[in-house]
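Peer 1: Sequence:
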Amino acid sequence: MNEINYEVPSMHCMHCVHTVKTELGDLPGVKNVDVSLDTKMVKVDYDAPATPESIENLLAEINYPVKK
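If you count by this note's numbering, then the sequence shown holds residues 1 to 68, one letter each, in order.
Everything labelled a hint here was simulated from the structure, so no lab data went into it.
Accuracy of the hints is not assured; some may be wrong.
Simulated pairs of lysine to any residue, SDA-like, Cα-Cα distance not exceeding 25 Å [what the hints assert, rightly or not]:
1) K21 x V33
2) K68 x S54
3) K31 x N57
4) K68 x A48
5) K67 x H15
Just so it is clear, the structure is predicted and the values come from calculations on it, not from any experiment.
Using the sequences and the hints, build the whole thing.
Peer 2: Below, the structure is given as structure tokens:
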């Protein structure tokens, strides 16, 4: 299993946390999603077919782009 961490500065409330966890959790290959609203960090545990690119693309698609 792979792990990746992202800073997502556009998260501001628990609704944001719920949306990120739900949407990423539905992505094939994603095993676990931990979100910290305090630090605006998202940790994703994943296997194939999920990739860092597919995770980043989904976050951008739902209006929570990662900080580059």
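Peer 1: All hints are to be evaluated individually against the structure, with a verdict given for each.
Peer 2: Going down the list of hints, with the structure as the test:
| no. | hint | result |
| --- | --- | --- |
| 1 | K21 x V33 | holds, 6 Å |
| 2 | K68 x S54 | holds, 15 Å |
| 3 | K31 x N57 | holds, 17 Å |
| 4 | K68 x A48 | holds, 23 Å |
| 5 | K67 x H15 | holds, 20 Å |
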